Amino acid sequence: MSPIGIASAITAKQETPVPGIAPGRALFNRKAINQGVAMLTYTLRRLLVSIPTLLFIAFVIFMLLELAPGDPMASMPLTIPPDVRQQMREALGLGEPWYIRFPLWLNQFFIVEPQYWIDNAFGTNFADGAQRIISFQSRSPVFDTIAERLPQTLWVVGMSYVVGVLIALPIGIISAYRQYSVFDQAGTFISMIGFSVPPFFSGVLLIVIFSVQLKWLPSIYDTTHVVEDWASFKIQLQQMVMPVMVLALQTTAQVSRYMRASMLDNLGQDYVRTARAKGMSESVVVLKHVLRNSMIPVVTVIALGIPSIFGGAIITEQIFKVNGLGQLLIIALQGSDIPMVMTITFLLAILIVLMNLIADILYGILDPRIRYD
Amino acid sequence: MTDRAPQASADNLLPSGDPVAPPKLKVDKPRNQWLDVWDQFKTHKGAVFGLVFLTFITLFVTVGPLIWDVDPGKLDIRNKDVRPIYMGLFDSSAKVSWGNPMGTDNLGRDIMANIMQGGRISLAVGWTAMVLALLLGTTIGVLAGYFRRLDGLLMRFTDLVLALPLLPLLLVMMLLFRDPLRAAFGPENGIFILIVTGIGITSWMQTARIVRGDVIALKEREFVLAARSIGTPARRMITRHLLPNVLSPIMVSATLGLATAIITESALSFLGLGFPSDFPTWGKILFDSVDRMTAFPERVIWPGLAISLTVLSVNYIGDGLRDALDPRIRGL
Amino acid sequence: MKLKTALMGAAACVALAPMAFADAHEGERARDGELKIIYWQAPSILNPYLSGGTKEIEAASLVIEPLGRYNETGAPVPFLAQEIPTVANGGVSEDLTQITWKLKEGLVWSDGTPVTSADVKFTADYCMDPEGGCAQLAKFDGVENVEIVDDLTVTVTFDKPTPNPYGPFMGGQSPIIQAAQFAECTGARAPECTDANFMPIGTGPFVVTEFRTNDVWTGVANENYRDPNKPAFASLTFKGGGDATAAGRSVLETGEFDYAWNLQLAPDVIASMAEAGVGTPVSAFGTLVERLEMNLTNPSPDLAEGERSTVAHPHPFLSDEAVRRALSMAIDRELLVEVGYGQAGRPTCNLVPGPEIYASDNTGCLTQDIDGAKALLDEAGWVDSNGDGIREKDGVELRILYQTSTNAVRQDFQALIKEWWSEIGVETELRNIDASVFFGGDPGSPDTFQKFYADVEMYANNFDGTDPQPYLAMYRCGNEPKPDSQWQGENINRFCDPAYDALIDELAQTADIAQRAELAKQMNDMLTKDSMTIVPLVDRGRVSAHANSLGGVILNTWDSELWNVSDWYRIGDNR
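Residue numbers (the working numbering), protein chains in the order written: chain A, 1 to 373; chain B, 1 to 332; chain C, 1 to 575.
In the DSSO-like style, the derived pairs of lysine-lysine whose C-alpha atoms are separated by at most 30 Å in a straight line are:
id	chain 1	residue 1	chain 2	residue 2
1	A	Lys-278	B	Lys-219
2	C	Lys-160	C	Lys-102
3	A	Lys-234	A	Lys-215
4	C	Lys-374	B	Lys-74
Now the in silico label distances, taken between C-beta atoms and shown as ranges:
id	chain 1	residue 1	chain 2	residue 2	range
5	B	Arg-78	A	Leu-214	35 to 41 Å
6	A	Ile-100	B	Leu-176	21 to 27 Å
7	B	Pro-180	A	Leu-214	52 to 58 Å
8	A	Ile-100	C	Thr-113	41 to 47 Å
9	A	Thr-224	C	Gln-343	31 to 37 Å
10	C	Gln-486	A	Thr-224	38 to 44 Å
11	B	Glu-220	A	Ala-130	48 to 54 Å
12	A	Ile-100	C	Glu-144	34 to 40 Å
13	C	Pro-228	A	Pro-151	37 to 43 Å
14	B	Leu-176	A	Phe-189	39 to 45 Å
Bear in mind the hints are in silico, worked out from the structure with no lab data behind them.
Because the structure is a prediction, the values reported are computed rather than measured.
Here a beta-carbon is modelled for each residue, glycine too, at the ideal position from N, C-alpha and C.
Starting from the given sequences, assemble the full structure and let the hints guide the process.
Put into structure tokens, the structure is as follows:
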């Protein structure tokens, strides 16, 4: 592209009105209702489309795992002879071809498992002893293990995401508003360094400093710890602080860069000048109009990051022994525990599809001119 | 600076409906756009630093090995664990040698030669994977955002790729393509192609979603509607009006993508899916040295600094470029 | 309430006072608080019959116990049995087809019910069920039936004379499980019993209170343990996950844990951790040997699939014994040990490095001899005639593809060996493969160690217990992985020698221990120094670490590392 193009585009953009202070407020309500109806039908249609999409994704993941080399027996000692290994494989159901095992998995995931939840909740007996999805490694129901892992994942990875985003947004806004100030320079420097230092290094560095040298914080996360009073909450905070810091640094770096870039784009727009000229206070201009218009890429990034909370922090979880879902997934991958990998990745796929849908809906709320038809 | 916003484009003739369009625009003498961009770029200190450092590190890893011609794979077990030369200043008992200014590792391999060799691979992987991801991401994002018919299909495809677990995907790629690529390009290049493709095709989704989100919003802006109303063809719409306006998030994606690619490569080596163990990369040198971080801090500092500073430089260059390409900053 | 607390406090004081002087060696059960163990590979189940992994076997050994174990010297010691049956004490029949075990009297499960011979028989039936997929089936190899003689006595009958009848019910791999708990869990229903598999009722020193798969499990002292003064610890936390470095750090540097298992770390890393003075690394040797396997068949990708690495095509140059020998001579094993294992390794030329009586006095390979290797290759006609630094003969160049699993020490070994081989004019391409693929038996993958689509590969193998017979029998003609057998098979090198097969058969019929040792040594030499089919590198020991405040640790490589956990205690004051 050439600079000319940008220039012309931007010249043309000059007449962009300020959302919300544009003329024709009376029309706005009817428009809003129309928009609302359009949004609703759009959401419903997207939800319907999601079903075949997810089924297709499930199929692709299943075939991928099927094709990938790997063997649940790989982690067994070599002292176990081949014929015993073969019998163990057959006991796991690996003798069956994929076109039998895939529908079986679908049935277990969509019918048997919900039946078990209903039975558990209401004391009914729909499931009637049907086989649940069983992990190859632990021979226990996959969903029980996932439920066991959720607390620590939410405590650590979820918390770090919230903290990261909450820090990133103001940093991004201030950095853009005071571009090239000391704050902006420092923010850029720290976030880029933070993003380019991999957690396998920063995590160990923190452990060496705070656990080995200073002995302030535990290096190993205790997943059995129960928070019941202030003292135990303090212990929980102590064991959380290092993994949360490592993960939040990455999130902050990423989100604040997008926030800053997008704010800068919008701060230069003419509607900002118009708004200021109209005598709006600076905080209203920046925090209401500019921020709202700058949120689209940020919302995209945040929505994309949420599924990775539930499956992403593999290295950090490993370093601090948090043993959350990320560690569960990597152990299952290394052990070729196909039912476990399949179920976790499919749950992630559902989250991805949902989050992207939510992002698409948010676009319309942030910028009412976006049409859903 | 005077208002030198370019006017050569025919687009300026379209009915912008802007009554305050500065009449000066049509009077100014045309001047080479790129010179303007360069002038603006030069005023950005960070960008100049970035460019200088990037040139330096590129020369260091490309020309460096010609001058410092120590074989990075050469083992010299008697000279293992040599400290970097500056350690001699603080600690006279430290084992230092001018033959290994940055020290040697636990098998006696020269660290400077390894950083050079590793940088070649890391930079090549980083840039190629980043460019690949950027091209894919931008193309898919723009197409999905601009053509409503393609949106559903392309975005569901994006969802699919987002949902694929990376590890089994790479294992399958290794299984299917390693031997053919090895036969066609040799072991080293074959693996390189495989890794770059692997990282590239699994890291474009974020860019695609961001670009699409912005394009969807831009599409409803008046200047685009106006351009469309006079029948501007789609290709021109995209290259002239849409792409320039999503440049900032693309720049951010590029910077973050470079860092991600370099780090992902090291994670792959760790999982046995990367380069053979005798091909050093920055990420791998860093990973291998973490265990000995307290005894030999230099072994993590060198590759860590190299990665961080490269990413920082690219980020500043991106900032500088963005500012320089934005006529409002350059011109107003 | 207050009075009660005060009384208990006083009682505790009385109880503690003498022990402080006696260094807490002896005392009542559960006096020493919590024991914290960390395994960097987390156990996924506590039933070793459903998972053959070391981490599961060792974790389960705290809860369920076999009739007898091997001690740190490899000698059998009774656990649940009154004594180890032998021919001498009449426990093993003269014709070597029967072994009779007698349980100790008065044994109870942790739930208070008595342990009987029915439980022992049930254990055998459970594992030998054809639909159960039992991981320890090989332990019950040749068992015809298990008969209950009386409440405390069982007799195991084998289908043929078995010189080593200690497969079933010996060692961590085949502990006794409770018939009452597992009665509904046999055969195909085995995986359904999650509760039983996660929290087996046992006779061991600890009882499981909570089990989280692949993460952590907790336990308390078994109230019904047979020794009233053991275990010394009241509770147990068994954490898993992470990596060896972190596990080592938590015991040796921060002191958060008491015991860390299998620290596969470079020696200098362990040494620098130990400098913190909180814990001590301990090591012991077993039978694990890191070796180079030479492919005697041609792995060339030019051959059709199904032909590669099969006995139909001999290897273009590794079938020449001189080349194999030269490759071995070029290696400096001392240096490999120094770089990779330190106190946890020693150079070896043997496939069977122990126990003592089985180890051949084969030390010829220990000194590196680059010049000798060159001379040997020259002599055999492998010379570099075109000046590219690589030797060739009849147009075949010595280019080796050398593969192994991904692991920092193995990659260091690869680098060193590549260097030495280049000195003798052999070019090496290195490849490392994810362990889950390399050691997996997926017949669809080209990268498994069984398929061996490479010239040389490196890994480690060992044998369970102290008897090398099944281990040596792997190298029988026809037992190689091949397309017909879905690439399953144990004769990785595709070695075939009728004289060797004859020795395998002879070993299977010999009962006298001295004669067995003689045969085993002969077979070991045939595979190693005589033919250089297998090039052993390092006899790998086990390094674990315990806190300095933890006493009673005796590292054992012949059985579970935690075999004597009931004897562990806290040194010094009861903190």
